[in-house]
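Protein chains: 2
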Amino acid sequence: MKRIFEPGAVAVIGVSAEGFGFGRGILLSLKTIGFNGALYPVNPRGGVIDGYVAYRSVEEIPGPIDLGIIAVPAKHVPAAIESCLSKGAAGVEILSSGFSETATSEGIALENEISRLAAKGIRIIGPNCFGVYNPRSGLTLLPGPDLSREPGPVAFISQSGGMTVDFAHIGKWRGIRFSTMVSFGNGVDLRETELLDYFGSDQDTGVIGLYVEGLRDGRSFFDTLKSVSSRKPVIICKGGKTDSGGKAAMSHTASAAGSSEVWNAVMRQCNAVPAADLDGLCDIALAFTSLPPGTYRGVSIIGGGGAIGVAAADAASLMNMKVPEFGDELKASIEPHLPRPGSSARNPVDVANPYVAPSSMKEILLNAARCREVDIQIVVQLLYHYKSLSILMPGAALEDVIPISEFADAFSLAVAETGKPVVLVLPEHKQELEALDIATVTRKARLLYAEKGIPVFGSVEQALYAIHAVSDYYGRLLSRASLTNRS
Amino acid sequence: MKRIFEPGAVAVIGVSAEGFGFGRGILLSLKTIGFNGALYPVNPRGGVIDGYVAYRSVEEIPGPIDLGIIAVPAKHVPAAIESCLSKGAAGVEILSSGFSETATSEGIALENEISRLAAKGIRIIGPNCFGVYNPRSGLTLLPGPDLSREPGPVAFISQSGGMTVDFAHIGKWRGIRFSTMVSFGNGVDLRETELLDYFGSDQDTGVIGLYVEGLRDGRSFFDTLKSVSSRKPVIICKGGKTDSGGKAAMSHTASAAGSSEVWNAVMRQCNAVPAADLDGLCDIALAFTSLPPGTYRGVSIIGGGGAIGVAAADAASLMNMKVPEFGDELKASIEPHLPRPGSSARNPVDVANPYVAPSSMKEILLNAARCREVDIQIVVQLLYHYKSLSILMPGAALEDVIPISEFADAFSLAVAETGKPVVLVLPEHKQELEALDIATVTRKARLLYAEKGIPVFGSVEQALYAIHAVSDYYGRLLSRASLTNRS
Chain A
0 MKRIFEPGAV AVIGVSAEGF GFGRGILLSL KTIGFNGALY PVNPRGGVID GYVAYRSVEE
60 IPGPIDLGII AVPAKHVPAA IESCLSKGAA GVEILSSGFS ETATSEGIAL ENEISRLAAK
120 GIRIIGPNCF GVYNPRSGLT LLPGPDLSRE PGPVAFISQS GGMTVDFAHI GKWRGIRFST
180 MVSFGNGVDL RETELLDYFG SDQDTGVIGL YVEGLRDGRS FFDTLKSVSS RKPVIICKGG
240 KTDSGGKAAM SHTASAAGSS EVWNAVMRQC NAVPAADLDG LCDIALAFTS LPPGTYRGVS
300 IIGGGGAIGV AAADAASLMN MKVPEFGDEL KASIEPHLPR PGSSARNPVD VANPYVAPSS
360 MKEILLNAAR CREVDIQIVV QLLYHYKSLS ILMPGAALED VIPISEFADA FSLAVAETGK
420 PVVLVLPEHK QELEALDIAT VTRKARLLYA EKGIPVFGSV EQALYAIHAV SDYYGRLLSR
480 ASLTNRS
Chain B
0 MKRIFEPGAV AVIGVSAEGF GFGRGILLSL KTIGFNGALY PVNPRGGVID GYVAYRSVEE
60 IPGPIDLGII AVPAKHVPAA IESCLSKGAA GVEILSSGFS ETATSEGIAL ENEISRLAAK
120 GIRIIGPNCF GVYNPRSGLT LLPGPDLSRE PGPVAFISQS GGMTVDFAHI GKWRGIRFST
180 MVSFGNGVDL RETELLDYFG SDQDTGVIGL YVEGLRDGRS FFDTLKSVSS RKPVIICKGG
240 KTDSGGKAAM SHTASAAGSS EVWNAVMRQC NAVPAADLDG LCDIALAFTS LPPGTYRGVS
300 IIGGGGAIGV AAADAASLMN MKVPEFGDEL KASIEPHLPR PGSSARNPVD VANPYVAPSS
360 MKEILLNAAR CREVDIQIVV QLLYHYKSLS ILMPGAALED VIPISEFADA FSLAVAETGK
420 PVVLVLPEHK QELEALDIAT VTRKARLLYA EKGIPVFGSV EQALYAIHAV SDYYGRLLSR
480 ASLTNRS
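Protein chains in written order, with numbering that gives the first Met the number 0: chain A, 0 to 486; chain B, 0 to 486.
Here chain A stands alone, though its shape is the one from the complex (with noise of 0.2 Å):
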């Protein structure tokens, strides 16, 4: 696999001299994220293409190659996956499309060929997929040329393409940074199972995201999954839960995705960890990376406006989580700290206008977590009033008004004097083209936050629902840890 993740030579199969096909496309894909290794279009006419010589065919490139990436049509993909395999390589990424999910005889058949090959020596991936981003390698998706090539923790292993590289996106903003993603399409040769196998003993990798419209082998695959999750969170996103979903996932993949409530069983058998969506597979990863492991039950909220502070209790409840009432002597010392008139000591701590001092959030931040019951902090900051602020007193630039630098700052003290995580949420609830520089600020407000290991999400419903399924995995890891030492 390390050959095929991080390749030393990659031959991209079925390059194009113009227009912006699949095998251009992820040429300069490469080339743009600047890829370690050696690259090698191969084009029937050969020549120069985008600065790299084109090889007439697989045999005449002068090298070795590891990985070989194919985006001829479809017809022509078995010949090319011959020459890799004769030429050596470790295994083929297949993007061209045209196979089982198209339903047709014709489709069927060659996709039966492709698997037949993978059984003479070479790994395959695809077809009808985005390939393989490694930011080690400089490996990267269609189209990915703006990929962070910062590596991290999280793994990705995906039936969809599409899915993969849009969060491979949002990952890069949102602060999650991957080990490597692999979108297998189709699947014929490496797919689900083997790919959580593997990524359950890779070093580099602490927590495994995972989409699904259907499964090859059930049995096999819930055992792999019940073992990796015994040692590392799996987040698993599922397409095709309802019939029509099942439908739509018959047309995309060919995958049958069988009955949800089944699923779901044995999701929470194997403590499995379900997003419902790729918003909750992104917030749910970015609090498995940026929390410490373990359980969070109850909450302090700290916020401006009441309305927010009700809506997040109410979420709180639905979750089964708490937020815990502080009592007097609490209340009283976090008052001092808080903005006349309007506000509140109570959890949630209503700050009332949007202008506190980062100073004064600290204070607040160290006293609320105080209270026992208290296992992790959320602050929820308008930045959007300090444009209304702007405008009212002109003058100064939104960057200069908003103490960014001096939040991050105190959020990040008050993790550590208090050994209680402290999470941001940055609603962005003025988004008209007239306030692009209140988008700068949050931009650049959450990069600060989140080099000091500050995560941020868009809503307070989000954070709890991640919170929540962090809590409810290492939860249930532990009460089964228990168990078994007992037993």
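Don't read these hints as lab results, they were simulated from the structure.
No false leads were mixed into what you were given.
Since copy identity is lost for identical chains, a pair holds within one copy or between any two.
Below, in silico cross-link-like pairs of lysine to aspartate or glutamate (EDC-like), each with a Cα-Cα straight-line distance of 16 Å or less:
| hint | residue 1 | residue 2 |
| --- | --- | --- |
| 1 | 443 | 431 |
| 2 | 321 | 242 |
| 3 | 1 | 196 |
All of these numbers come straight from a predicted model, not from anything done at the bench.
For chain A, the structure is supplied; the task is to place chain B on it using the hints.
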């Protein structure tokens, strides 16, 4: 009420010359938004504040006043109301807090005193609120210096000032326009029932939004709700649905929240439209103001990426909406307009790559609409992929690469020719600091689409949720009407 919502002269009582208290904040907001009438700040020390002559008392104001905005400390509020009353004001809005929401005997006594003053012939909005927004008159919220001056059909009645301000700002860029927003806070006088009744008969209001934590008189509220809902949709977001949320509501606006089961049952009986949270409220309000009244059961989904289609079909199914299968003839008519390879003409239609030309998109929509079971069409555009294209093929600016204006025309022509609405989904998967250009184009696209009457949502799930709410409301309305006609 007209004198309160569109006042000719306003006294702002409690304006400091320095700092950024509630009084000065609202004065500056009114000045900046360009309030139509006369503005009289009141400050015991007189002088000139922000360009306005400040009067030592309400009595000293030379002309008559229609509305008093009160921002003095709680204990001085009763005297301020009396002054406005003797000056002949139709009403006051009290931004000050420190009343029953504090749960102190002093605060409760003060609130009772205010209540008694209301009986003397002046209407009171608040206390503990952020005021009234009316685009016609330029009366605005705290802080709301840059809210839209364009009036529209949505009225909003809210116990929460923060939620009112948030909704007003979100509405601006999402294309939701308001007739009047009233944040009534503790609501000693004017509150949910009377305001609902008023906007129920208001010619300028076509859709009403409501945020409540607790009701003063449940029986009369539900009678009014049922009556108004038979004429126009009333979208209700309820805070304090759970025990924890209820406790938070108590300290926010001193409301006893009531049980969630009873609430849901009554909502259904009244044909009120429930919204889960602020985001849901915005989505549903946008759908009501941009879709023709009617039921929408069958949906076509056109997007790039099979997983999006699978997720959409799952979401539709969970809401009892259909993603009807296209017949062979229909699929054959769509296929020539799809890029190759990897696309699928089934519903959901997978356009496979995100660079579909507007002319092709129009043909796909025209053909998909021929399916009788399709009532509405959802298009998912992953505009961020154009960013990859612009990185791979440098030269043109992103805005010149993405034909958003041609897309707007294509969507609007498809609606005009088929009579079936088109709804856009523009997910923002790329939000790093370096991608502000794609944010700019997305915001411009949203404006262009809105001009053509095409609403834009953030995800397929949100679009379906909002469409379903609209369809559900009109479905019940129709079935009740037919029952009435038969009896």
